[in-house]
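Heads up: the sequence lines are chains A and B, in that order.
Residue numbering for the first sequence follows the working numbering, beginning at 1 and increasing consecutively.
Residue numbering for the second sequence follows the working numbering, beginning at 1 and increasing consecutively.
In case anyone wonders, no lab produced these hints; they're calculated from the structure.
Every value quoted in this text rests on a predicted model; they were computed, and no experiment measured them.
Certain hints may be false.
Unchecked claim - Label pairs and their calculated CB-CB ranges: (1) A/19 to B/94: 51 to 57 angstroms; (2) B/26 to A/16: 41 to 47 angstroms; (3) B/105 to A/216: 51 to 57 angstroms; (4) A/188 to B/18: 25 to 31 angstroms; (5) B/101 to A/572: 55 to 61 angstroms; (6) B/36 to A/69: 33 to 39 angstroms; (7) A/572 to B/73: 37 to 43 angstroms; (8) B/132 to A/454: 51 to 57 angstroms; (9) B/36 to A/132: 50 to 56 angstroms; (10) B/158 to A/132: 36 to 42 angstroms; (11) B/73 to A/57: 26 to 32 angstroms; (12) B/14 to A/372: 47 to 53 angstroms; (13) A/16 to B/101: 55 to 61 angstroms.
By construction, the Cβ of each residue, glycine as well, lies at the ideal position given by its N, Cα and C atoms.
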Amino acid sequence: METVNIKINGMPLSVPKGISILEAARFAGIEIPTLCYLKDMNEIGACRICMVEVKGARSLVTACVYPVNEGMEVFTNTERVRHSRKTTLELILSTHDKKCLSCVRSGNCELQALCKEFGVDDENAFAGETIHYDFDDSAAHMVRDNNKCILCRRCVAACDAQGISVIGANARGFDTHISSAFDKDLAEVSCISCGQCIVNCPTGAIVEKDDTDKVLAAINDPDKFVIVNTAPSIRATLGEAFGMHIGTNVEGKMVAALRRLGFDRVFDTDFAADLTIMEEAHEFLDRVQNGGVLPMITSCSPGWIKYCEHYYPELIPHLSTCKSPQQMFGATMKTYYAQKMGMDPKDMVVVGVMPCTAKKFETKRPDQAASGYPDVDIAITTRELARMIESAGIFFKHLPDESFDIPFGESTGAATIFGTTGGVMEAALRTAVETLTGKELPSVDFKEVRGMKAIKEAEYDVDGTKIKVAVASGTKNAKVLLDKIKDGTADYQFIEIMGCPGGCINGGGQPIQHAVVRNFVDLKARRAAALYDADSKNKKRKSHENETIQKLYQEFLGEPGSHKAHEILHTSYVPRKKYN
Amino acid sequence: MLKKISTIPFRGTPEQAQRLQAVIETCKDDKSQLMHVMQEAQEIYGYLPYEVQVMIAEGMDIPLEKVYGVSTFYAQFSLSPKGETNISVCLGTACYVKGSQQILDKLSELLGIGAGECTPDGAFSLEACRCIGACGLAPVLTVNDEVYGKITEDDVAGILAKYRS
Numbered sequence: 001m002e003t004v005n006i007k008i009n010g011m012p013l014s015v016p017k018g019i020s021i022l023e024a025a026r027f028a029g030i031e032i033p034t035l036c037y038l039k040d041m042n043e044i045g046a047c048r049i050c051m052v053e054v055k056g057a058r059s060l061v062t063a064c065v066y067p068v069n070e071g072m073e074v075f076t077n078t079e080r081v082r083h084s085r086k087t088t089l090e091l092i093l094s095t096h097d098k099k100c101l102s103c104v105r106s107g108n109c110e111l112q113a114l115c116k117e118f119g120v121d122d123e124n125a126f127a128g129e130t131i132h133y134d135f136d137d138s139a140a141h142m143v144r145d146n147n148k149c150i151l152c153r154r155c156v157a158a159c160d161a162q163g164i165s166v167i168g169a170n171a172r173g174f175d176t177h178i179s180s181a182f183d184k185d186l187a188e189v190s191c192i193s194c195g196q197c198i199v200n201c202p203t204g205a206i207v208e209k210d211d212t213d214k215v216l217a218a219i220n221d222p223d224k225f226v227i228v229n230t231a232p233s234i235r236a237t238l239g240e241a242f243g244m245h246i247g248t249n250v251e252g253k254m255v256a257a258l259r260r261l262g263f264d265r266v267f268d269t270d271f272a273a274d275l276t277i278m279e280e281a282h283e284f285l286d287r288v289q290n291g292g293v294l295p296m297i298t299s300c301s302p303g304w305i306k307y308c309e310h311y312y313p314e315l316i317p318h319l320s321t322c323k324s325p326q327q328m329f330g331a332t333m334k335t336y337y338a339q340k341m342g343m344d345p346k347d348m349v350v351v352g353v354m355p356c357t358a359k360k361f362e363t364k365r366p367d368q369a370a371s372g373y374p375d376v377d378i379a380i381t382t383r384e385l386a387r388m389i390e391s392a393g394i395f396f397k398h399l400p401d402e403s404f405d406i407p408f409g410e411s412t413g414a415a416t417i418f419g420t421t422g423g424v425m426e427a428a429l430r431t432a433v434e435t436l437t438g439k440e441l442p443s444v445d446f447k448e449v450r451g452m453k454a455i456k457e458a459e460y461d462v463d464g465t466k467i468k469v470a471v472a473s474g475t476k477n478a479k480v481l482l483d484k485i486k487d488g489t490a491d492y493q494f495i496e497i498m499g500c501p502g503g504c505i506n507g508g509g510q511p512i513q514h515a516v517v518r519n520f521v522d523l524k525a526r527r528a529a530a531l532y533d534a535d536s537k538n539k540k541r542k543s544h545e546n547e548t549i550q551k552l553y554q555e556f557l558g559e560p561g562s563h564k565a566h567e568i569l570h571t572s573y574v575p576r577k578k579y580n
Numbered sequence: 001m002l003k004k005i006s007t008i009p010f011r012g013t014p015e016q017a018q019r020l021q022a023v024i025e026t027c028k029d030d031k032s033q034l035m036h037v038m039q040e041a042q043e044i045y046g047y048l049p050y051e052v053q054v055m056i057a058e059g060m061d062i063p064l065e066k067v068y069g070v071s072t073f074y075a076q077f078s079l080s081p082k083g084e085t086n087i088s089v090c091l092g093t094a095c096y097v098k099g100s101q102q103i104l105d106k107l108s109e110l111l112g113i114g115a116g117e118c119t120p121d122g123a124f125s126l127e128a129c130r131c132i133g134a135c136g137l138a139p140v141l142t143v144n145d146e147v148y149g150k151i152t153e154d155d156v157a158g159i160l161a162k163y164r165s
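Isolated chain A, as found in the complex (with noise of 0.2 angstroms):
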């Protein structure tokens, strides 16, 4: 690798050619702070933050986009970067709305750590004309504020890399805005509700609907019976929000916390993903020994079903017609569950906690109400409950590991990896290939699906028969896909799909890490792994193993595929427009 020799503060040192002076300033063990900068997404040098003085140079350089060269001499912390920074950040203020008390982001907001960072001490000190924008509540998902957005463009910039660009700046000048095309609402548009944006938002310009206020109403209703699901990859992402290592498995301590909120019971999604393996293989194996239509695709990722209903709707077909686990869950708790309590599901609220904000949008999707009453009531993401947990005093870290109640917490380790990228793959081969061979599997680890690359793709020989696969995640990454099986070059039988890049893990409602974070660490394979390891760590790795579904389909469902199984684990999709 060629490299240059630079000096930053004085010190000297080598450092890959053509690099920014953000980057090399690292190897120094020197933070320039920024925020609109997001690596390889949104490399654009315009909020002005990243400012540093390079000797020789007529004016202050952006660290973030200026390129390193031989001999370079860069000062990062001098008296004119400092006041740049401040007066900059001063500037941002101008237009920005103060609310800073009860934002949501208050604590976790990249603009207010900065200003403390350089004392800006007057927030008024360019106090001038603003422009009101009234709120974007329209959609299911989440709340655009304008008044707080500091037109950095990293909102853009995700929906982009998505492939979506529903959003952008429009306008120029002061009335520049972000916004949808003709300035419609986000309903009104092919937004797909991933939340990539949220989590990409240094401030509170844009945040998800919080349904917390709907969630202890439940709970303080004493004629309701509440129950709790938590998505797979929630006890991978929670512990962020309280300070926890990156990767922290808190599955014991999130369960603790939801039985001190109130939750009638705390049972585990995971049981539902190990239903949609059931569901979802015995679909699959029907499709290839009847000649139904391949390749199916996975429908767990509402964000990616309503990006396949908007974008690709002749493709619908192809999409497996399971419920996602979340809905498969709520079904069976007011189907099943109700009968076996001698309920009626209408004193049932289903509340789930996931990693999305799709799923805020999937609870009110059509044909998904198999008692007659939602599935599900309420979806709230990480983040909300982790502010639930923080709001009702629990001390967090400090609580005993529980285990979650009994029967539907139950679940294998094939469910456990659903909360990222090829894990629905994996756990749905893994329940595949030994139904088709009527052999255990000498190994239950399918590693070529495993992976944070954006397309991955395998072939397996199960006795005689080749079954070749695929996984994306990333609508983007998707599209690729797509394509393929639209002109026809598509030999795949089986892909998953996860709307979000690295998938839930990943997803639109997880704990926010600042830009700095997901720029310089690999924030999925970190979540990832605490996955992996809770599933090499579980005694049941196949979901076919999993004793109350085995119950649930010999008591109530009959077989997988049964015309019951359909009636209440499956579902339909709806032709939707790219522009209305």
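The hints should help you fit chain B onto chain A, whose structure is shown.
Chain B alone, transformed into the frame defined by chain A:
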């Protein structure tokens, strides 16, 4: 300045659509031609309403929001149709010091629309322009192709009356 989006129903003809499609056909493999296509579209339709921008977005395979972003960034693109009568007030230096802003304000008040907008019945549109090279007649406005010079605020109502049917 924030552009107002017209609520006047789109009245595009199949001929216009055909002309736009022909332009798109020659440009669709080069996304950098977006501005050119938008300029041609404005030539054809007089403005860039939703329906036209969707045609461009789909034809060029560029997200609609990107097209809209460009249309709201550059002053040359209009989101409002031209009225049957288009009034253009010069805000160039000479006219401006002679009080053309007051004339624009008066027109705005009488027509009930701002600069860059069209009346709901499609009869009048109003715009501000830069120097038209008739500084000796300042302040100047043009109505369609007719030039009116050395006008005062009091003349405005009379000029409008000539064009009201």
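Hint check:
{"no.": "1", "hint": "A/19 to B/94: 51 to 57 angstroms", "result": "holds (54 angstroms)"}
{"no.": "2", "hint": "B/26 to A/16: 41 to 47 angstroms", "result": "holds (44 angstroms)"}
{"no.": "3", "hint": "B/105 to A/216: 51 to 57 angstroms", "result": "holds (54 angstroms)"}
{"no.": "4", "hint": "A/188 to B/18: 25 to 31 angstroms", "result": "holds (29 angstroms)"}
{"no.": "5", "hint": "B/101 to A/572: 55 to 61 angstroms", "result": "holds (60 angstroms)"}
{"no.": "6", "hint": "B/36 to A/69: 33 to 39 angstroms", "result": "holds (37 angstroms)"}
{"no.": "7", "hint": "A/572 to B/73: 37 to 43 angstroms", "result": "holds (42 angstroms)"}
{"no.": "8", "hint": "B/132 to A/454: 51 to 57 angstroms", "result": "holds (55 angstroms)"}
{"no.": "9", "hint": "B/36 to A/132: 50 to 56 angstroms", "result": "violated (37 angstroms)"}
{"no.": "10", "hint": "B/158 to A/132: 36 to 42 angstroms", "result": "holds (39 angstroms)"}
{"no.": "11", "hint": "B/73 to A/57: 26 to 32 angstroms", "result": "holds (30 angstroms)"}
{"no.": "12", "hint": "B/14 to A/372: 47 to 53 angstroms", "result": "holds (49 angstroms)"}
{"no.": "13", "hint": "A/16 to B/101: 55 to 61 angstroms", "result": "holds (57 angstroms)"}
Going down the numbered hints, you'll see the structure goes against just number 9.
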